[in-house]
Amino acid sequence: MTAVPQAPAVPPPAPPPGAVSPGAVSPGGAPPPPARAAQAAVRRRTAAKPPTGVARLLPRTVAGRVRALTGLTGIVLAAVLVIVWVAIGNARDGVRVIGDDAGPQVVKTSRLYYKLTEMDAQLANALLIGRPQGPVDERKKALDGFDDNRRQAGAALLEASRLADEDTEKKTAQDLLDALGRYEWLAGQAILLDQGSPDARPTHAAGPPKLPVIKRYRQATELMKLDLLPKAYNLTLDNGTLVRHTYEAKRGAVQTGQVWTLVIGLLLLAILVGFQVFLTARFRRLLNPALALATVGTLVLVGASWAVLAGQADHLRKAKEDGFDSILALWRARSISNSANADRTRYLIDPELADTYEQVYFSKSQTVLYLKAESLTAYNQALQGLRPGKDEQLPIKGFLKNEEAHSSLPEQHAAFLKVINDYRAFQQSDRDLRNLVESEERLSSPTAARTKAVASRSAAADDFAAYDRSMQKLINIHDGAFTRAVDAAKGGTGGWHAVLPVAGLVIFALVLIGVRPRLTEYR
Amino acid sequence: MREPTMRARLTGSAALAAAVLLAAGACGVAGAESSITAKDELVVGVNPDQPGVGLKARNGDYVGFDPDIARAVAKRLGGPAKKLRFKAVTSETRERMLKDGDVDMVVASYSITPDRKADVTFAGPYYVAHQDILVRATDAASVPDVRGLRGKSLCEVPGSVSFPRVKKERGVPVRPVRAAKGYGECFDLLAQKKVFAVSTDDLILAGQAARVAKGEAPGPELKIVNAPFSEEPYGIGVRKGDIDGCEKINKAITELYQQTAAGRDSEAVTLLKRWFGPAHLNTTSTVPQFEGCD
Chain A
1 MTAVPQAPAV PPPAPPPGAV SPGAVSPGGA PPPPARAAQA AVRRRTAAKP
51 PTGVARLLPR TVAGRVRALT GLTGIVLAAV LVIVWVAIGN ARDGVRVIGD
101 DAGPQVVKTS RLYYKLTEMD AQLANALLIG RPQGPVDERK KALDGFDDNR
151 RQAGAALLEA SRLADEDTEK KTAQDLLDAL GRYEWLAGQA ILLDQGSPDA
201 RPTHAAGPPK LPVIKRYRQA TELMKLDLLP KAYNLTLDNG TLVRHTYEAK
251 RGAVQTGQVW TLVIGLLLLA ILVGFQVFLT ARFRRLLNPA LALATVGTLV
301 LVGASWAVLA GQADHLRKAK EDGFDSILAL WRARSISNSA NADRTRYLID
351 PELADTYEQV YFSKSQTVLY LKAESLTAYN QALQGLRPGK DEQLPIKGFL
401 KNEEAHSSLP EQHAAFLKVI NDYRAFQQSD RDLRNLVESE ERLSSPTAAR
451 TKAVASRSAA ADDFAAYDRS MQKLINIHDG AFTRAVDAAK GGTGGWHAVL
501 PVAGLVIFAL VLIGVRPRLT EYR
Chain B
1001 MREPTMRARL TGSAALAAAV LLAAGACGVA GAESSITAKD ELVVGVNPDQ
1051 PGVGLKARNG DYVGFDPDIA RAVAKRLGGP AKKLRFKAVT SETRERMLKD
1101 GDVDMVVASY SITPDRKADV TFAGPYYVAH QDILVRATDA ASVPDVRGLR
1151 GKSLCEVPGS VSFPRVKKER GVPVRPVRAA KGYGECFDLL AQKKVFAVST
1201 DDLILAGQAA RVAKGEAPGP ELKIVNAPFS EEPYGIGVRK GDIDGCEKIN
1251 KAITELYQQT AAGRDSEAVT LLKRWFGPAH LNTTSTVPQF EGCD
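Which chain is which? The protein sequence lines are A and B, in order.
One point on numbering: in this note's numbering, the residue at position 493 of the first sequence is 493, and numbering is uninterrupted.
One point on numbering: in this note's numbering, the residue at position 24 of the second sequence is 1024, and numbering is uninterrupted.
So here's chain A without its partners, still in its complex pose:
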């Protein structure tokens, strides 16, 4: 091939669709009828009159123009391929971060808070149980639970600190480690004080332990509440921010890629159609089959790329909104519920601070499911007055409202209603227990009243466990949606890195096959 004069700055006309037959005039002053165009070209070639203006940029021979159009087609085709390649790369990055990397890790760190509250709850349980009674060693069970959760909290903390990408977060993780050490130290002291000496067993009946034990526990639980839990919670929020930023950046990039694919893809189609029109007119043939095939191939490629990118953006959205966001929010709700549940144990352990623990229990309950109420009693009344399943939308706010508002998965609604009903049951048995304590308090001392009420606390504990299980089920539903969206996203781009170059080569080969016989006419 001889050197081809390129004219990328001024490509040939892109006739409107349907303007393939000679003599068709497009609206808006499109190219003149091909017959006249051909005459003009011939005239220019024979007369050898130097062209003026932009015409100078155009190749002056027909063969030159065919080559120029071929070159332009190649360049724009390459551009389309690069755009789709990059956009798919962005989609894959997004899916990797959300699906395999930060996403699951963040979900893991959100358990940190739960494990910490569980540690403190088990410590309170162990201190409440007192001397051995019955066949099951409840105190050992609680202490084993404490230890088990301590180990899991440590693992989650390690994960969270690994994810921390800013100095502030790293410092928070470090402070958490420090505070956890101090907490365990205080917890150990409370346990030892409760049993008297390392190998002895506590001697008090089930109920509030001795005052020095209460005081040490108070220090431990204060540390947990004011230092450990807020930091654990904030760290999970920070990690969630990381995922949100990746999600927004990658999804935005995929969508921008989609727009570009369409714009440049349409440009390529226009060039191919224009090329066809030019050849039809210039060489008086009906249709160039190879070029027509290349045009159809381009249409398919652009369409398929658009569809794949749209699919990717949608999978990313589903993974984030139906999966990740809900999982994170529900873990937060579950953790806060768990710590509210422990506040009831604290209310039983520590008569002096019982008012405060009750107030905190109330405010945590309202975070999970908000109803306007002046007191815990009024809150429970309003809660029992709800009609889940009957009312379209429950008149509530808080975490559970968000879950109701973002109901998009098939089994989600039924699982949500179960959570609400179990929550009501557990709040009712909590109320019953508090009523019992209050009525006993009128007859005896706060400590004696609590010692008496402790025997009836299993109903509330069982109801809470049932609620916690339905919460876990609801979280599992979102876990499933998350995994499905991530898998679908991964499957959707499988093989595309092979498809793109092959499709490009095939289309360009078809163009070459189409123009080669025409060029030989000028040899």
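Just so you know, the hints here were simulated from the structure itself, not pulled from any lab data.
Wrong hints could be hidden among the right ones.
[To be verified] Examples of chain B residues toward chain A, derived with CB under 10 Å: (1) T1113; (2) D1115; (3) D1145; (4) F1229; (5) E1247; (6) A1252; (7) Q1258; (8) E1291; (9) C1293.
A virtual CB, placed ideally from N, CA and C, is assigned to each residue, including glycine.
Position chain B relative to chain A; hints supplied.
Leaving out everything else, chain B in the frame of chain A:
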């Protein structure tokens, strides 16, 4: 004749492409521009009438814990160097002023509640205040906690939740003494021995007690009971949906509570000591649990 047409056409499609892209980009840019992170000047809504927490001084400056928190946070927001301007807000006006853009950020003993979260995005809390009780130091021994108020007179500010919380939620029978003009009037009544106790957020009580202790306000010595019975998470309100701004503020608050060196007070603790130290209030020195920006 032919060439210009082609060119026009090509220019047309290029313009279309550009327009599509600009439109796509514009959404992102619009969101970023109205975020507090992108502003050169921040207008901060603060209280003008709460000693220690937020007070308009005679020279027109705003002084107190809240304005200091706003300054410390703004310094850490990044982006253009922030100029700060303070504007007085009240409990009635702050939501509307945020919505209308009269203020960019509200730091005004602004408790985060589920109701308010419908209209405002809250960063923080930067401090969790508690309802507590303020009495004259000579009466302090008779009030170990809220139940010690039984049968005593308590200042009632219409519209405030503090009084009903003692009487209804805690079920303590107290006698109301109304102060229509707010807690400033309550403090006057307390100094004049016309009321036995004032109960509201501990920071507000401590601000007053500190002023009396420093001789900046008249009256007998005051004492905080230090028997907290509610949680008031003081948030920083920003325009609803400004998640970027909210996250940056949270990061700034985290830093405020982190020690720069072992044994040295964090900036937040320094501020708490400066404004409430003389009142002997038990304050929390660690970062509160954030609400989350979404």
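Going down the list of hints, with the structure as the test:
Satisfaction of the interface hint for T1113/B is found here, the shortest Cβ-Cβ separation to chain A being roughly 9 Å, below the 10 Å cut-off. Satisfaction of the interface hint for D1115/B is found here, the shortest Cβ-Cβ separation to chain A being roughly 7 Å, below the 10 Å cut-off. A hinted interface residue such as D1145/B counts as satisfied when its beta carbon comes closer than 10 Å to some beta carbon of chain A; here the least separation is about 7 Å, so the hint holds. This hint holds: F1229/B has a C-beta 6 Å from the nearest C-beta of chain A, less than the 10 Å allowed.
Evaluation of the E1247/B hint against chain A yields a held restraint, the C-beta minimum of about 5 Å falling below 10 Å. Checking A1252/B against chain A by beta carbon gives a least distance of about 9 Å; that is within 10 Å, so the hint holds. Contact between Q1258/B and chain A, as hinted, is supported at the beta carbon level, the nearest pair being about 5 Å apart and thus within 10 Å. The beta carbon of E1291/B is positioned within 10 Å of a beta carbon in chain A (closest approach about 9 Å), and the interface hint is therefore held.
The closest approach between the C-beta of C1293/B and any C-beta of chain A is roughly 8 Å, which is under the 10 Å cut-off, so the hint is satisfied.
This entry satisfies every hint, going by the numbered hints stated previously.
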